[in-house]
Structure formats: structure tokens, C-alpha cells
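Undergrad: From just these sequences and the hints, can you work out the full model?
These are the residues of each chain, in order.
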Amino acid sequence: MLQIDLWKRILIWLTCATGLWLAMPNGFYTTVERHNDAVQAIELGADTAENRADRGVWPDWMPSGLVNLGLDLRGGAHLLAEVRVEDVYAARMQAAWPEIRDALRPERSTVGTIRLQPSAEDEVRVRISEPAGMPRALEIVRGLARPVQTITGVGATDIDVRAEGDVIVVTLSEEEKLATDERTVQQSLEIIRRRIDEVGTREPTIQRQGAQRILIQVPGIGSAGELKEIIGTTAQLTFNPVVTRGTNPDAAPGIGNSIVPSLDEPGVFYTIESAPVVTGEELVDAQPAFDQNGRPAVNFRFNSSGARKFGDYTAENIGSPFAIVLDDEVVSAPTIQSHIPGGSGIITGRFTVEESTNLAVLLRAGALPAGLDFLEERTIGPELGQDSIDAGKVATIVAFVAVLAFMLLSYGLFGLFANVALIINIGLIFGLLSLIGATLTLPGIAGIVLTVGMAVDANVLIFERIREELKTSKGPARAIELGYEKALSAILDANITTFITAVILFAMGSGPVRGFAITLGLGILTSVFTAIFVTRLLIVMWFERRRPKTIEV
Amino acid sequence: MRLRLVKQGTNFDFFKRWKLWLGISGLMMIVAFASFMIQGLNYGIDFRGGTTIRTESTQPVDIGVYRDALAPLELGDISITEVFDPQFAADQNVAMIRIEAQEGDEAVQSQLIAQIGTALQGADPGLKLPFASVESVGPKVSGELIQTAAIAVLLAIGAVLIYIWLRFEWQFALGAVLALVHDVILTIGVFSELQIRFDLAIIAALLTIVGYSLNDTVVVFDRVRENLRKYKKRPLNEVLNISINETLSRTFMTSVTTLLALIALFVLGGDVIRGFVFAMIWGVIVGTYSSIFVASAALLYLGVKRDWSKPDANSGNQYANIDA
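Here the protein sequences line up with chains A and B, keeping their order. First residue of the first sequence? That's 1 in my numbering, and the numbers climb one at a time after it. First residue of the second sequence? That's 1 in my numbering, and the numbers climb one at a time after it.
If you are wondering where the hints come from, they were derived from the structure by calculation, not from laboratory data. Heads up, a few of these hints could be off.
What the hints assert, rightly or not - One side only, chain A facing chain B, incomplete, derived with CB under 10 Å:
| hint | residue |
| --- | --- |
| 1 | Asp72 |
| 2 | Lys228 |
| 3 | Val398 |
| 4 | Gly415 |
| 5 | Leu442 |
| 6 | Thr451 |
| 7 | Met454 |
| 8 | Glu464 |
| 9 | Arg514 |
| 10 | Leu520 |
| 11 | Ile524 |
Stated by the list, open to error - Here are some chain A residues the structure puts well away from chain B; computed CB gaps all over 10 Å:
| hint | residue |
| --- | --- |
| 12 | Ile4 |
| 13 | Glu33 |
| 14 | Asp54 |
| 15 | Gly133 |
| 16 | Glu182 |
| 17 | Gly220 |
| 18 | Gly246 |
| 19 | Pro296 |
| 20 | Arg301 |
| 21 | Ser320 |
| 22 | Phe529 |
| 23 | Arg547 |
Even for Gly, the Cβ is constructed at its ideal location relative to N, Cα and C.
TA: Next up, the structure:
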């Protein structure tokens, strides 16, 4: 007969209650949002009276998880960036040359003179004047190789060294390239995150996508262009020895040197040594400041190894100029007046206060190890988002009311039970969305509306089945029981197949499509739960109380 | 008095002209496919790269004026369409501008967007800046997006094929998948015929249609399986007919509730997702049709193993010898 154990009843009601409890904050969205922002601000140290008052608008013991609104609903910017991992190969090879030179120097007697040859970006070519010394030279250069930690290549090293006649060719090994790519992307991700955090916006999404891509979504920002300005500059700071200063951009720089333009003197080009003395990676701090003439500048400090290198270099090169190079432009090229120990300095140039502040932020967050290509850019204005929310709300309510009325007209009292379950169902979806911190997008709203339409399906299956069973006059209790029993396999099969497509959508899709998959998938779970447990419980409770001789479905 | 969409105890003969129905479906699929091949789809920027800009102005949109204003920028192929929605305010005039992908792999530069803004504002002083939305996809990504989308649809169909095969018999699986392919092709055909913009969201709609159509087919099949056990002696077409008639009321109820919800979204949900909702409405209608006239008819054509306890008892019905 129709029986449900007490513990099951309690469990079912508990599940519903928990879901609705978790969903509740969404009913008071702006209030809870204010509370959450205040809590976060207080945690970060901004313990002001204002923040305390804001925290008080929503009790602390109540749930405060909210459904995040996607960019298409809130407005904001979306970028898909690809990291130019090859940039790093070039930097690595540039840094390798001095190392190779220093290693070969003591062996001049066997290898002869060593000269850097014109090389492609991802290799170093070194000519030695005594070809007979080649085996020894290769041995020495190979000795510079470091082991790479990889899963596949045990014993792999970071560089490949080979001889082409009297030229030694050094390239990065495939294993090292893979490892470098991985590091570069990870590092870029971290630095982008730090830069965006420094600007301080709410709930940015910064995710890795695939091997070389990074997805960045920042709600509330004016445009994708603004976002690009924050994260797009590499802020690659280096200190290089200056060879000459000139005005010809096409002059032959000489091997191992390069020509870079000056940032604030138009028409001036510096020839510098490509291998830097120190790089921005060894900075520990950078702050906006003013120089002795009151012009905006940036103060910086090196870490201990950077300070030592910088100190040694300045001690050895008093009287010669060196260049402070930012993103392939010479910011300034002062002459070294004296040995600079201590490892701190100042960058002056024709900065505005804003520029110097920005530069300090960028230097502090660290340089991006490689450039970024932006493959996808989307900006959604806040008004359009609000319009979409409003339209979505109205549509959902109308859809909801239409379905409720239709069910009531079709199934009477049983329809009412299904409607109660449907309302609980929507509550559960929002509860789950809040719980897992999912993002609601416009297609996601469509997913909910679709769920509203489809959620009744399980109930319809059951009710139609009960109708059929009633025809064979087994008595109402038996008919209800059989109805549930026999409809179950159809309900499960039908929902599992839909769930499979939702999972595939989630796995393959991105952005809004994924939002749709989440609400659709959760909607299937909750609608099966409400149909086979909640409506059943409602019907059983009604039945126990009334004990009707006949029922009409 | 209860609302009944389908009166009780219907006894329609769905298979009197089953070959005709299959033929019509086949023909429609050919038309849809031909339209797709000849006319192609009106791909959105997700799939072919480029930029779309949504403009809002207080003055009525004059597409010619916009076009002239943008001409000096030499952006290549530009399409400008005005957008209408009953929910727009009286002084809210919206247009979508689509620009083809520019040189290189990257998405469009923000400088260019600024130039477009200035140019348009010169022609239409009522134009609101910044634009309501700007979306730009580089050609590199769009190629991959097409590929991923196609894989997603194929994967979904494959996964479903396997699931139904496990739960039922291979004939059921094949019938269900035929119905799915039918729905997907007809939906693509409609998008091609009406030249509605086909973007990533439509792929989501396509997969939902796959899910919905399947939902419907599986419910019918579930009943067929049950009735095959119940009426061991009756010919397959009768069993199929009984099953479809028995589930007809449910089929209509569910379709109508889903359509009610979708139509609400279509009318009131705003223009941004209208194409998406249209695809789903179309899919619900086609999916309901196909679960009866394609999936079940295919099952009739393929024949089914009747007695589930004995492996080789195909004999005893007139369709048993037809094998695919």
C-alpha cells in the first residue's frame, strides 16, 4: 500500500527545506550583495563603521551564497588571450649566450676565439676558430645543460647542442619547451590575476583554457579595451649596457646587440647589449615617487641577487651609460656616476602621475613573461544586462504562471500537488546554483524556463499512468502505487538521456552555453527528485488523511 | 471539468501510411540539406570571426546613414540590421552592426571600436556611447568553435545511441538516432532557409532539441517495450499503434507545457535570445513529430526481437523478415 517511512519523509522535507533556505538570499539580491561586499572589505582590513553598518543589513547566521550573474546579465568585459609562449624561448636563448661565452673562455687554447653568429630567435649559434676543438667545445656547452623534470623524458635536459661545421648550435629541447610553455602560461595567469586584483573588482574569473589560453572575465568594467590596458602590457623591465646612442633605426647593431627607440626623445635610438644585466623579475618593490626635481618617477628595489649583480656592474662600469628598458623602449639612459650598492634606484622619464602609478603597479605585479594575443573580446554594457535580467524575469514568471494554470486545469488537485513540487523545484535549482557558486547567464535563464516546461513531464507521466491504472479499477491506492511504479522506468530513461546531453554541453561548451548546461542539468536532477519524492509524499499525505473511495486525476 | 488535450482512449492508426510519413520526412530532410548546401548558414561571429556592435540611439536608425558613416573606415564587409522588440522604449532604437574579421589572428582593436563610435556619432547625434555591447572573435578561435560544436553534437548523438542500445535493443537505438538526425537537420534547414543568425547559443539549442526529442522518443519506446511483453501475439504495427495512442495524452501535455514556457520566453525574453528560443520551439514541434513518425516508423521498418526470454523468436510477425 501507499506507505513512506517516517525517516524518508523527514529526509525529503529536510532536503526541500535546505534547498529553499540556500535559495533565499537570492530573493534579497542587492541587500545580500551589500552584506557580502562589506564582509569581504572587513576581512581585508577596511573595518570602518560604514562597512559594519552594511554588514548588518543581512544577519550573519543566514546563508549568504548568491547566484553569480554572468557577464551578459551584469555587464562587463570578457577576453580570451593566447600566451605567445615562443617569446620566452628567445629570452632564454639571449640569456644563454653570456653563459656559453663564459664557459668557453678558459678553453681558448683548444677552441680558439669564440664569436656569436646571427641566430634565429630560438637558437644561439657560436662560431669557434679552431674546428679541431669542437668535441671539447660541445662537451663544455653540453655541461651547461640542466635536467628537465618531465613524466615522459627521464634524463632529458633543457638544451640540445649540436655542431654544424665550426658552428655550435644551441636550441631548447622539446621537453624543455613543453615545460617552459607550462610555466609561462601558469606565470602569466598568476600575474594577470595579481594585476586585476590590484585594481580591485568584484568576482573576476581568470581561468586557464587549453594549453596556451587564458580566459578573463571581469564584471562591471567599462570595456574590453580598459581591461586590456590593465593586463595587456607586458611591463618587461630590463637594465642593459648601452653601446651607442644614435638616430638611425636601421643601423647595423652588431651581433648580440639590438636597437631600441627612446621613450621620450623622438628620433633617438640606442644600441644596447641584448643580454640584460638585471631584469624586472628581480624587483621586490616598486612605488610611485617624485625625483629631486619634483617630477613623477618610480622607486624600485632589487632582491639580494639582483642587488649584487647591479652593484657589481655599476662598480665595474663607472662612467659608461646603461639603459632602463621597458617593453623594448628606453625609458632613460643615465650614466653610472658611482658604484650603486644596496640595490635600489629610481626610474625617471616624462611620466604623468597616473603613468608612474600604473608603472609601479605593473612592476610590482611582475612582468608578463610573454606577450598576449587577444583572440576574443566581448563587452556588454550594464544597461543591456539589466534589460536582459528584466526580460528574463518577466518571461520566467509568465511561463511559470501559464504552466501552473495549465496543470491545475488538466489534473485538478493532483495538478496542484505538481505545482507545489514545481515551485519547490525552482527553489531547489536556485539553492543548488548558490551552493556551488554557479553563474547564471541569459541562456541559463532559458534553461530554467525550459526546466519549468519539462519538469512537469515526470508528473504528467505519472498522472497519465494513474489514469490508465484507474480504468482497470484496482482502487485508488493501488492505482497510485502502480502509476508511480510503472512510470519510473520511462522517467529515468528520459531524464538520463537529457542529462547526458547536458553533461556533454557542459564539457564542450564555454561561457553562456556552459551556463545553460548547468541550469539544465541541475533542473533535471531537481525535477526528478521533486516528481518522484515530493509529489508522491504530498499525494500520500493527502490520501492518508482523506481516504477517498474514488479519485479523479 | 478537466482540460483534456487528447480525449481518452484514442485509437488513431499512425501507421496506415507510415511509408508516406517516412517519405515526407526524408524529402524534408533533403530540402533542408539542399538549402544548407546552396544557401549556407548565416553564421554569427562565433563561427566566422568578426565583430558585432549593438548600438542604441534616441533617434530612428537609418541604415544608409550608418553605412555611409562607416565607409571611410574601410572595414570590408559590413552588415547593419535594425532590431525590433516590443519591450523597447519609444526612443530606444537598436541596431546590430556586423563587421567581418580584420587581418590577423587577433580580435578587433579597441582603437577601431573608438573610431567607429566617433564616425557613427557624427552621423547620428542620438547615438549612445559606449556601445551597448561589442563582441569580437578572432578567426583563429572561430574555426575551433565550429569544430568543437560539431564534435559536441556528434558526441551527444553517439552517447545517446549507446545508452538506448544498452537499455533497449539496437533497433530502438537506431530509430531514436534517426529521429535525432532528422530533428537536427530540419533545424539547421530552417536556420538556413530563414537566414537566422547561427551562433554558439544555437548549438546549445540544438543539443537541447536532441535531449528533448529523445525524451519523447524514449517515453514511447518504453511503452513499446512494455507492450511487446504484454501483447506477445499481436503484430508489431498494432503494438506500436497501441503504445503511441496510450502515450499520446502525455506527449501532448508535455509538449504544450514546454511550448507555453518557451513562447513566454520568445515573446517576453528580449531580442538577445530570440533566435535561441526559436530554435527550441521549432525543435519541440519537430521532436514530437519525429518520435512518432520517424523513430517508431523506423522501428517498424527494422523489426524487433519479440520474445525477450528466448533469443531467436523473431518469427510470427509479418515484419520479422525485414532486416536492415
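Undergrad: Each hint needs a verdict: does it hold in this structure or not?
TA: Hints versus structure:
1. Asp72: This interface hint holds because 7 Å falls under the 10 Å limit.
2. Lys228: 7 Å, holds
3. Val398: Hint holds; Val398/A Cβ to chain B Cβ min 4 Å, cut 10 Å.
4. Gly415: With a minimum Cβ separation of about 9 Å from chain B (threshold 10 Å), the hint on Gly415/A holds.
5. Leu442: With a closest approach of 5 Å, the Leu442/A hint holds.
6. Thr451: The hint holds - Thr451/A has a Cβ within 10 Å of chain B, the shortest such distance being about 9 Å.
7. Met454: Since the shortest Cβ distance to chain B is 6 Å, the answer is holds.
8. Glu464: With a minimum Cβ separation of about 4 Å from chain B (threshold 10 Å), the hint on Glu464/A holds.
9. Arg514: Holds - the Cβ of Arg514/A comes within 10 Å of chain B, reaching about 9 Å at its closest.
10. Leu520: Holds, because the Cβ-Cβ distance from Leu520/A to chain B comes to roughly 7 Å (cut-off 10 Å).
11. Ile524: 9 Å, holds
12. Ile4: Ile4/A is indeed farther than 10 Å from all Cβ atoms of chain B, at 25 Å.
13. Glu33: Non-interface label stands for Glu33/A: nearest chain B Cβ at 23 Å, farther than 10 Å.
14. Asp54: 29 Å, holds
15. Gly133: 45 Å, holds
16. Glu182: 21 Å, holds
17. Gly220: About 14 Å separates Gly220/A from the closest Cβ of chain B, which puts it past 10 Å; holds.
18. Gly246: 31 Å, holds
19. Pro296: 25 Å, holds
20. Arg301: Per Cβ check, Arg301/A is outside 10 Å of chain B; nearest 34 Å; holds.
21. Ser320: The claim holds: Ser320/A sits with its nearest Cβ about 39 Å from chain B, beyond 10 Å.
22. Phe529: Correct as stated: the minimum Cβ-Cβ distance to chain B is 17 Å, above 10 Å.
23. Arg547: 23 Å, holds
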